[in-house]
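Student: Chains as they are written, first to last, in numbering that gives the first Met the number 0: chain F, 0 to 233; chain E, 0 to 411.
The hints are simulated quantities; they were obtained by calculation from the structure and are not laboratory data.
C-beta: ideal position from N, C-alpha, C; glycine also.
Do not take every clue at face value.
Think about it this way: if two alpha-carbon atoms lie no more than 30 Å apart in a straight line, the pair counts; the simulated DSSO-like pairs of lysine-lysine are [as the list claims (entries may be wrong)]: (1) E:LYS5 with F:LYS139; (2) F:LYS57 with E:LYS398; (3) E:LYS162 with E:LYS143.
Computed far set for chain E versus chain F, every beta-carbon distance over 10 Å [to be verified]: (4) PHE31; (5) PRO73; (6) ALA271; (7) LYS282; (8) ALA287.
Ranges between beta-carbon positions, derived for each pair [unchecked claim]: (9) F:ASP74 with E:ALA287: 37 to 47 Å; (10) E:LEU19 with F:ALA118: 33 to 43 Å; (11) F:ASN114 with E:HIS410: 22 to 32 Å; (12) F:HIS202 with E:VAL386: 45 to 55 Å; (13) F:HIS202 with E:ARG306: 17 to 27 Å; (14) E:HIS410 with F:TYR180: 29 to 39 Å.
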Amino acid sequence: MALIIADNIRKDYQVGDVVVHALQGVGFEIEPASFVSFVGPSGSGKTTLLNLIGCLDKPTAGTLTVADTDIARLDRKESAAFRGSHLGFIFQDFNLLPVLTVYENIEYPLLMVQNVPPAERKERIERLLDAVGMADQRDKYPDQISGGQKQRVAIARALVTHPALVLADEPTANLDSQTAYAVINLMKRMRDELATTFIFSTHDQKIVGEAEGIFRLEDGSIVAKEMKGGASHE
Amino acid sequence: MNNLFKIAVRNLLRYKRRTLLTASLITIGVVFVLVFTSVTGSFKAMMIGQITDSMLGHLQVHRKGYVASIDNLPLNLNIKPKAYQKLTEALKAAPEIAAFSPRLKFGGMFSNFTETTNIRLNGIYPDREFQTVPLLTSRISDGKKTLSRGEIMIPTLLAKGLKIKVGDTVVVVATNVDGSVNGKQFVVSGILESATGPGGRDGYLHIEDAAEVLRMPEAEISEVAVRLKDFSRLPAAVRHLEGQLAGEVNKEGHPIFEVHSWEQLSPFFNIARMIDVMTFFIKIMLIAIVLISIMNVMIMAVYERIREIGTIAAIGTLPGRILSMFVIEGFCLGVLGAIIGDIVGSAIVLIINVIGIRFDFAQQKGLLLTTTLAPSDLLVISAIVIVVAVLASLQPAFKASRMEPIAALRHV
Ligand SMILES: Nc1ncnc2c1ncn2[C@@H]1O[C@H](COP(=O)(O)OP(=O)(O)OP(=O)(O)O)[C@@H](O)[C@H]1O
Ligand SMILES: [Mg+2]
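Sequences and hints are given; from them, build the entire structure.
Tutor: So, in structure tokens, the structure goes:
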């Protein structure tokens, strides 16, 4: 069964007297271990959609099932618990906790969100530190490393809980293009190793090429779906 | 839990100057309260000690109605020998009583053969009196610290006024209960410093001499001063004794005796009460300082860290965790202020003792203030600070825990 099933999702924002239709009937399915991207111009609804999939917001209409869970039914606390156990997040501004070292930032979800015993915790962190190539920077604080390095740490933090799905809203927007490629390729490699689904948004055409599935958004609607290596529709 | 503390401490260290400023504000408050409680508490304890141990005793027993007219020292309200016998038995049976001393009080004329004035006198058994009010001897500024038959101790103001020295012969003249007058010569054996409160300017003589002056075949008793083994158990002792003596009634069925604690006998009790009220308000001020300063920093901390809150909320940190994260930060700040305050406050109290502050109270000059700081005071004040710090951070912490992750992440 698909990891994500979106059926005719709508999302309206009320701004004063005006209703903004950010998403107007979006439907799609995403299989486990996919590496897909939502692309589209500014204001097309990428962030809105990722927030819905990320269980950070609720659709106005339509159903959205993530990992067999109808996310519209979760209350605040259940949503938080769901995010903590099933999802990983990578942010445009990296959003590492400034008071924690590289190692501690990766450790954070295992301590504060899940409750993983120390031995396993250490093992997972070490493995990810190696995988993202940050083992030698482990004791540095976020303000002592570069943007690309920060995003590598953020990837490790998102993966350390073994989520089914990692969401990344414009993960490369604050990086130069060479670093952006490196980060996207790291994500792809992690998908290959761990079979974690990655969904990211971007409006950088060069980066889009790295995705295996591309959903094009315009004015809150999906206008094209491209699947590499075979299936491509509409 | 450890990690919550680690994060809280690191966040506090992140804004070192602000943390230090807030902690010092709390420190100042704690120091102020500690020094104030210590100084006033010690002053109070010392004054109460002076009053109870140098004249009043911890509590007193009189014949019913005596205290109401104590200013006249009424001889007709003395306890008769038979009733005193019963009272003695009751007092001896009470386990909480360390010592008691019967007194025969009367007013009379006092003369050095050239000048005459009024005097209030206590007839006492010297040994028992000194056991019951052990500091009485410390008030003897001149002369010997004992009292024998034929001797009298007089208050210093009287001695000065009449230019009387130790060893001088004086005459005491008094009217007895029938209205006839009698006199007797005494040798001055000691000069007494004044003490604060009723009876602080009385003279002392042997109770058998007093009975002789008043022409009593057997000494009647005006009051019995009682010393307890444990002063802190005073209210219980008063209640117990009242219960014991309630059975002693006269022909009309009214109780014969009345029991008063020092608090009911000395006006200093009101001063002591006022000190307590002041201490209470100072503590309220401390609470206000801690409340405002902690709330202020915590509101600021939450505001500055909205995006961080959004991040940790997005990755699944439960609202309760976020709440405790900020509450623990306030808690740590409170602990920091309390600990520094305790250390500095204790140091200042110690310094006061080393320097040695002297003060005058009414007629008493150059009293040495020895301040003490009970560990329980430190604990109570620290606990107040910490509890208030936690309460003050609750509101900002709650706000942080209720934040919507998307809105918080969008915050710039
Ligand atoms: N909280 C909000 N309140 C009101 N309108 C909103 C809100 N969030 C998004 N919108 C609107 O919804 C539409 C879609 O916004 P969204 O942020 O999803 O676009 P985006 O594709 O992520 O754009 P960008 O590439 O600039 O990040 C826009 O018209 C935006 O103005
Ligand atoms: Mg966006």
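Student: Against this structure, judge whether each hint is valid.
Tutor: Here is what the structure says about each hint:
With a CA separation close to 16 Å, the supplied pair LYS5 of chain E and LYS139 of chain F stays within the 30 Å bound. For a cut-off of 30 Å, the pair hint linking LYS57 of chain F to LYS398 of chain E stands: about 21 Å separates their Cα positions. For a cut-off of 30 Å, the pair hint linking LYS162 of chain E to LYS143 of chain E stands: about 18 Å separates their Cα positions. With a least CB separation of 33 Å from chain F, PHE31 of chain E remains clear of the 10 Å interface cut-off, as annotated.
Once the 10 Å rule is applied to beta carbons, PRO73 of chain E is consistent with being away from chain F; the minimum gap is 78 Å. Distance to chain F confirms ALA271 of chain E as a non-interface residue, since its nearest Cβ pair spans about 50 Å, more than 10 Å. Distance to chain F confirms LYS282 of chain E as a non-interface residue, since its nearest Cβ pair spans about 34 Å, more than 10 Å. No Cβ of chain F comes within 10 Å of the Cβ of ALA287 of chain E; the nearest lies about 30 Å off, and the non-interface call holds.
Between ASP74 of chain F and ALA287 of chain E the Cβ separation comes to about 38 Å, which falls inside the hinted range of 37 to 47 Å. Remark: the range hint 33 to 43 Å for LEU19 of chain E to ALA118 of chain F is upheld by a beta-carbon distance near 39 Å. A hinted range of 22 to 32 Å for the beta carbons of ASN114 of chain F and HIS410 of chain E is consistent with their spacing of about 29 Å. Hint check: HIS202 of chain F to VAL386 of chain E, Cβ distance near 53 Å, so the stated range 45 to 55 Å holds.
For the pair HIS202 of chain F and ARG306 of chain E, the supplied restraint of 17 to 27 Å holds, since their beta-carbon distance comes to about 22 Å. Taking the beta carbon of each, HIS410 of chain E and TYR180 of chain F are about 30 Å apart, inside 29 to 39 Å as hinted.
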